[in-house]
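K.L.:
One line per chain: the protein sequences are Z and P, in this order. Quick note: the first sequence uses the working numbering, first residue 67, plus one each step. Quick note: the second sequence uses the working numbering, first residue 1396, plus one each step.
For the record, the hints were derived by calculation from the structure and aren't laboratory data. Possibly wrong hints are sitting among the right ones.
[What the hints assert, rightly or not] Heads up, simulated SDA-like pairs for lysine to any residue below, C-alpha to C-alpha not over 25 Å straight-line:
1) P/1480 <-> Z/142
2) P/1480 <-> Z/168
3) P/1480 <-> Z/137
4) P/1480 <-> Z/249
5) P/1480 <-> Z/175
6) P/1480 <-> Z/257
7) P/1480 <-> Z/241
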Amino acid sequence: MTDALGREAVSEALNPLGIDGIEFIEFATSKPQALGGVLEAMGFRPVARHRSREVELWRQGSMNIVVNSQPIDVPRTVQPSEHPVLSALALRVRDAEAAFRRALDLGAWDIPVRAHAMELNIPAIHGVGESLIYFVDRYDDFSIYDIDFRPIPSVDPHPPAISGMHFFGIVQYIGSDRSADWVEFYSRIFGFAALPDRVRFGIMPEGLLLQSPCRKFFLQLIEPVDNARYAFGDEHLQRIGLGTPDVMATVAALEARGVQFLVSEKVRSNERGALTKPQLGGVMFELVHDEPAYHDAKP
Amino acid sequence: MIYSDIGMDTASLAGTLECKLGAIRDAGFAQVMISASDVVGHPRGTAAGVQAVRESGLRVTGLEALRDFEGLSGNFHAYKVDVAKSMLDVCFSLGGEMLIVEASTSRHAEPDGDAVVRDLRMLAMLAVPLGIRIAYKGVSRSRIARDFCAAGEFVFRANCHNLGLAIDAFDVLAARTPLAEIEALDPEQIFLAQLSDFVWQEIDSVEEQAAAATHFRVFPGDGAHSDDLAAVVRKLDEIDYRGGYSFDVYNDDYQQMPPEQVTSRARRAAEWLAEAVLRRALPVPDIERLRPGVGA
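Could you put the whole structure together from the sequences, leaning on the hints where they help?
P.N.:
Below is the structure:
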């Protein structure tokens, strides 16, 4: 009994918000159809539309992507434009309201609730650059999409994933000498842990890796290589990492669907990972070889 | 342009924000510490104040100053968090990378170390997404941190990458703080050195120090303690402090003088600091680094 309590206390300390993976990742764009083409090639399917706003839900296996074309009037948030931008990350947590309160107490900036794109009472805070971080606690039997989204008729609401693809993480570009600041942000508020330099995934070697306290996904922080001075606006969520047990098979499956992969001196697809060619002004996906053991890695 | 790492405060000057910025630029300074009241008090509103600063071409050292923030509780704390957020927003809109935070002199502030550390951490966290650093500064009348040693203790305990110290040389001189205390600091944790002298020979009480601090500061080189001030700067240099210097001079006389005359004194002070104290040659420090042996 005391052991169980002890373990609970430990897990509470390591994962104070009860984070349990990524609920969705959001793009903002004024040209949702163009982005839809890119998502479709990557294996995502549109499954629902918001009842009153220009917001679509795309899905593949366990992954949800929200495409948001509805401008909101909040400073330091993405205004949808022609070039799609990663505008939000939604975390599954034990208790969204409690997670939100704790984040605010520690120094996060809140977003006025009524301004939220989806009209749902999903608490959100400012993240890197103009991006937001949502807290979602309804993801089991009853989901946030059941309320305000209308399913697209005659579409499988749960399209299977190609080659077992799933969210592996998000890459964020940050300013020079900013890694320590962002490590503090993610570790103090959320309980992320920085991984030692020897732990590397995929084919992109640079940056600092943070593991989520639930050990289900990673964040990668990348400072400018040439020590160039970054303007603030240059800090942003740059790309989604997709985990797969077999990178080359996934590359082949996606190439057959018309997806093109980067081939350069530094970057080429191999069994560790692959990078899609940027489209629509910078939308790209990184494939990363993933296996269960990676998620046991202790910091 | 004179030295790129030496700046002036708008608080030192009389006149409109545009006049102040023009005088600072014309005197050859590249950067400026902005008093929040100069921006939000702009006759055409905050946005116009921000625009004036942006258009001046001067680099913004930071914004000053958030006061009486830490050690409060309940609604008072929540209110001060809103004030802090507002100042961070203004700082961000100016392109400023530092917010000066003066140790609380409020009698409502509890000198409870854990609460102060918690509040400083929260402030540093609020500043992270905006890319702003928090420079915490001891104040002689504060019950929380009356000098840089006490402020440094809190900064050390809070242990945030973007939380550091502003050292006000005036306070070091006025309180006759032993210079050896500076050696105890990590130079990376010092974000700014604020420099001013004063004309009185001695300061005997905290009340006198407060009066001198708010009314009788003069530019370095103009006061009665040039040698002591030079010693403070040399000590900072000695421990490898590589941050900027800002002239933090409030003086009732300067408020009644044309800004150009005040900035010409500031320029003289910059030359005194760079040439007599830090023994640099014109023009800019970056060029000095290319020459072997200089500055060693």
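K.L.:
Find the hints from earlier in the document that the structure breaks and name them by number, from lowest to highest.
P.N.:
Of the numbered hints, all hold.
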